[in-house]
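Chemist: Sequence:
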Amino acid sequence: MKLTIDNHDGNGPIDYTAAIVAEQPFRIVRRLNQPSTCVVSLFPAHGLVTPVRHARMIVANDDGTLLFTGYIVTEPAMEFVGRGTEGFVWQAAISAISDEILLNQQALPGLATICGASSGEALQALLAAVQFGKISFDLSQSNLNVSQFQPTESGTWSENAGELAASVRSAYRLINGALTLLPVGSITHSLSESDGTLSLRGLAMSRVRALANDVTVCGEIEPCVYVTEFFQADGTSVLFNLSERPWMPAASKSKPLTDNFQGSTIDTRIWNVDDPGASLALTSAGLTCGGGGSSIGATVVSAISSLEMGGGFVAEAGGVQFGANTSGIVNGFFTAGQATVISCIAGFLIGQANAATTISPLVNGAIAGSTFTAVAGHLYTLRLRFSSSEVQRALQAYYSVAPDSGLERFGADLLDAAANIIFEVQDTTNGIASTPVVLYSGEFTSPPAPWCLYAPLVAGYLQCSLGDVSVERQGPVWVTTTSANGTPVVRRIGTPAQGADCTINGDGMLQFYPLSTPQTGDVIAVSYRTSRRSVARLANASSIDAESNGGTLPGTACWAGTVTRPAPRSSADCENAAAAILAVSTDRAAAWKGTYSEWNADEQGDVWPGDQLAITSPSAGLSTSLVVREVQIEMLSGAPVRTKYAISFANDWAEEISIQTSSTLPADAWLVRQPEAATPLANLISLAVTSITGSAIQIDTGVTPPAGGGFEVRRRDWSFAAGSGPDLVLRSPVPNFIIPRQGAMERYYIRMYDGSATPNYSRFSSAVFVNLPLTHS
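Going by this note's numbering, the sequence shown opens with residue 977, and the numbers climb by one from there.
Read the hints as simulated data drawn from the structure, not as lab findings. Fair warning: there could be bad hints in the mix.
Below, computed lysine-lysine pairings styled on DSSO-like, alpha-carbon distance capped at 27 Å [said to hold, decoys possible]:
#1 Lys-978 - Lys-1110
#2 Lys-1620 - Lys-1569
#3 Lys-1620 - Lys-978
Note that this is a predicted model, so its numbers are computed, not measured.
Based on the provided sequences and hints, a complete structural model is requested.
Modeler: Structure (structure tokens):
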């Protein structure tokens, strides 16, 4: 064993092995997805200086394998031990933390959510965020899907990296400046009684947790019912109370991206910059481009984090001004990580016509709508309004190890969603905001990608400057007004400074601004989602009755709680989390926990948390694999030095790895009474009200029902069943049907059902709320 310390005094690494105090602990502690620690006491003598704070410390075994690399975290504690021939004798107690300490000392910016990345890409993004160039990495084997991961600014780099690694059932390791990330169990240490590699004396293990085959999982607050609510304007009222509170994003997630481009350089913690011609700079006008290249996409400023294309948001590029000769894309969203015209989902195409700068909407790679001609020297805001009733575009990914199939992923499905887009140009010269000019308002012909690359500036030869950019999330809300002539007009939601027509708050108040007051007789239609606590309940039927079908349990054993990592955003996520839990909660081998200790275990390979112990002991009837959680290495004096490995292990059900749970149930959770027997039918997201008269509401569901099924209309939600009941209005076997009107204020909930003996329904209702007089026509 060799201990070297570099005190950064110009002498380089010095061998301190001979100065180790044999009677004091010399211990290395490694924990799964946490920094390692090392403690040792030294007699600084024979010309050796007392180590200093931040000194570099390396411990290696006799064959050169690195056991620990890190830095001394505090000034050594000097302990008096006696008096010798040369005077008083002191020993220095040293405490060191592994290389993560360098990263943990860096400030983590408010990173946006990491979406749709591999585990290696996500970890690399965390590394790039701290802008620390002394760490190398090999993440080639880190290919597990990270559906969504939200770094916490209050956490250290290692805390965020540990959470990320655990969420994909992996283990990160940082030693000697090299970062790796491997799935748990990628490295196996075989310990067998028959060949003498297993010491039964050092093994203690037991199954510590009761199994469960009926699992209830609670998650976050989710959008649920798809509501379309109607009001009639009287020409003066500007306030309208919605019947339900609309779902809105949490304040902490409402502004995923913003930058006013102040400072000397572009903030590379927010932006990726591809500028081969050195055309970009920050000036008093903001992000300034003086050229770029011969083709659009040669010079790009794009967000490090992808943005999820769900719910509602407003993306703005403000303080934009153009030079005389310019072409490119400003304030754009792109697929596949490439910023080109063909990959542009939505953006402003900047070009030249008749010696003037033109601004055109670009939708799915093609020009759409009207073209705006910019005035030289004027400042503009280029604004995109995006709205979709679907907030979540990809389900969370949950990982567990099933007894027969190994590592298994649940979830991570990509979800299609219709969406609307509005392009606006607003002149803001001299600080005076003019009325926005709408260049395009319409629905995407095909659903946009779940995640998109946001690029505020994509240059061909682009002469322009951007004063600021921002992306602000809203709820999945859409407002239209229809006049007596039957022409619907989209009403823009936002602030007066954004040129919006109205705003909606979280309490369900719709407010029109004075200049946008609906006219007498106008029908106001508001589309929004209500909210509830996400929840799901699943059972493993094959394990419930051991006597009749060989299951693992003699009946039902329930577990209920909340999954906190990865956080379920929806009931569909809760179902996948429950399925992942059931994969291990019914497996006795997943409940193993214990310890194993052995001398010089590193002779068979150094052991790290996240490795796997394959234990074979015929005398004990054991043949199982165990996940290493913690390793303590004690170095003891001798010739040669002996090392004692104390290994703590626990499998997934004994101690959680990828799925972190709490037995606490939220007070607002409406628990499911019975396990879900089948996957719910599709929600009626395309349902439309085609007309409303004083006697009838015409419905077009937009889908064909399953064989033997149809559409059920009730006056109350969450009461759909095969029976009738007082709140049943009607059942229709066809997509188009009429709901008879019975009053001025009505509520109807609609779900699709199938032909099963016990019908299966849509997960959520589509609702029609009518606040119109019966004389309305």
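Chemist: Would you mind confirming whether the straight-line C-alpha gap from Lys-978 to Lys-1110 stays at or under 27 Å?
Modeler: Since the Cα atoms of Lys-978 and Lys-1110 sit roughly 24 Å apart, the hinted pair holds (cutoff 27 Å).
Chemist: Take the C-alpha atoms of Lys-1620 and Lys-1569, compute the straight-line distance between them, and say whether it is at most 27 Å.
Modeler: Holds, because 20 Å separates the two Cα atoms, which is no more than 27 Å.
Chemist: Is the hinted pair Lys-1620 and Lys-978 satisfied, with a Cα-Cα distance of at most 27 Å?
Modeler: holds (16 Å)
When the structure is compared with the earlier hints, no violation turns up for any of them.
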